[in-house]
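Peer 1: Listed below, chain by chain, are the residues.
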Amino acid sequence: MARITASVFTSHVPAIGVAMDLHKTQEDYWQPLFAGYDFSKQWMKDNKPDVIFLVYNDHATAFSLDMIPTFAIGTAAEYKPADEGWGARPVPVVKGHPQLASHIAQSVIQQDFDLTIVNKMDVDHGLTVPLSLMCGELDPVKDAWPCPVIPFAVNVVQYPVPSGQRCFALGQAIRKAVESFDEDINVHIWGTGGMSHQLQGARAGLINREWDNNWLDLMINDPVACARVPHIDYVREAGSEGIELVMWLIARGAMADVNNGERSGPLPHVAHRFYHVPASNTAVGHAILENKE
Amino acid sequence: MALDKPYKDVPGTIIFDAEQSRLGYWLNQFCTSLMKAENRARFLADERAYLDEWPMTEEQKLAVMARDLNWCMRLGGNIYFLARIGATDGKSFQQMAGSMTGMSEEEYRAMMMAGGRSVEGNRTIGEDGDAQAHRQPQGAAGKKESN
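Quick mapping for you: the protein sequence lines, in order, are chains A and B.
Each step along the first sequence adds one to the number in the working numbering, with nothing skipped, and position 222 is 222.
Take the position in the second sequence, starting the count at 1, then add 1000; the result is the number in the working numbering.
Hint data in this document are derived by calculation from the structure and do not stem from the laboratory.
Glycine included, each C-beta is placed from N, C-alpha and C at the ideal position.
Watch out, some of these pointers could steer you wrong.
Said to hold, decoys possible - Partial selection, computed: residues in chain A whose CB lies under 10 Å from chain B:
1. A35
2. D38
3. D83
4. E290
To be verified - Here are the computed lysine-lysine pairs in the BS3-like style, where the Cα-Cα straight-line distance is at most 27 Å:
5. A:K80 - B:K1036
6. A:K176 - A:K120
7. B:K1036 - A:K142
8. A:K80 - B:K1061
9. A:K120 - B:K1036
10. B:K1036 - B:K1005
11. A:K80 - A:K120
12. A:K48 - A:K176
13. A:K48 - A:K80
14. A:K142 - A:K176
15. A:K45 - A:K95
16. A:K95 - B:K1091
17. A:K120 - A:K95
18. A:K24 - B:K1061
Stated by the list, open to error - Here are some chain A residues the structure puts well away from chain B; computed CB gaps all over 12 Å:
19. K48
20. D66
21. P69
22. A77
23. Q99
24. H125
25. V161
26. S196
27. R209
28. H231
29. I243
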C-alpha cells in the first residue's frame, strides 16, 4: 500500500522564487534564508519521495473571482508555471500523478469533504517556490522536478476561509485515502505558505516572531490544540495573510500520530526546523517531520 | 442575526470577504486580465481606454490610475488581484505593500530588515500603534506631525 512517510512545511514567498531565478541567493540579504534550506535540499536527495502531495494556496491565478473553490485537487498529467504578471517563472513544468490524485479525490469526497476536481490549471509561486526551495535551482528545459506532484489548492484569499479544525480533519482523510491506494509508493505531504505577514493597508509589514514560534511549537507537539486556534487570532497576531498557516494543519493532520482527531503514538521526528525574518514582507518558517517506523 | 465579523476591528486592515468581493468584482477581474502580456501592453499604452472596456465604477478607474492601492482596497480590490497592476508596472510585492503605509520605499525596507512592524498597539482599533488611523501617514512626514 501507499504510505505517507514525511511532511514538509515551508513559506512560499514569491520574492524567494525571484531571488533564485535571478541567481541572487548568495547576496547578503538572501544568504541567511537559503542557508536554512541547505539541510532540506540534501534531505530531499536522501529521502526522495515517489509523489509529493503539495498543499498551497492559489493567489488569484488559476482561480479568479469567476470561481472560488475552498479545496481543489489537481488530477491533471501536468501543470505549467503561471504568468502572474511578471511573466512565468523559468522552472520545469510540474508533472502530476492523475491516478493517485483521482483515487484521493474519490476517497476524500466519500469521507464528506467537498473537493473541486481540476483537470486544467497553471500553478503559481505558491506551488513552485516550495519545490525550488527543496530541490534547488532547475533548468526548465534540461531538468525536471524529482517526482510527480499532486497540487492541492486551498482558498485563503476570499473569506470565509476554512478553519484550522477543518484543515486538520482533512489531513486525516487524505492519509486514509493514500493508505487505501494499492501501489507500494512513498508519499510526502507538504503544507506551504504562511508565517506572519500582512501585504495590505497601514498595517503592512507586521511580523510577530514570538507568536510564529509558539504556533510552530504547538503545530509540532500538540496539533489538536493548534487546530483549535481561532481564525481571528491568525489575523490579529500574524497579519491578514498569516491565515495561510491553516494549510500546514492539513499536512500535520496526515501524520501517523493523529488518529480520529486525537494524538496517539510517538510524535514525529523533527528532522529540521528553521525560522527567519524577513523575506520581502514576511517571516519564513520551515520544518520537516518524519513518521517514526 | 448578523454574521460575526470580528476582523472588522483590526487596524489598517480590510478583510476580503463576500461583501468586499461583490463590490470589487469588476475591479479584480480587470486586474486578472493583466496576467496576459498583450493586455499589459494595451493597458500601458492607453490606461483610460483599457479601463473603459470594463464595467468598473468611475472611482475604481481613478483609484487604479492613481495607483492608490488603499483606495482600490476600499472599493473592493484584493491585494493578490491588485498585485497584477504592480507587476505590470514592474514593481515587487514589497514595493506594493510599502506603498500602502505612507512610508518611503527605503523606510519600509528598513522596517522589515529591523524585524518588521510590531504587533504591539496594532491588534485592535483604538490602541496607539503605528498602524492606527490617527498615526497616518507613517514615515518621516507622519512622525513630524505627531510630535
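Peer 1: Of all the hints given earlier, name the ones this structure violates by number, lowest first.
Peer 2: Numbers 1, 2, 4, 8, 10, 14, 16, 18, 20, 24, 25, 26, 27, 28 and 29, in rising order.
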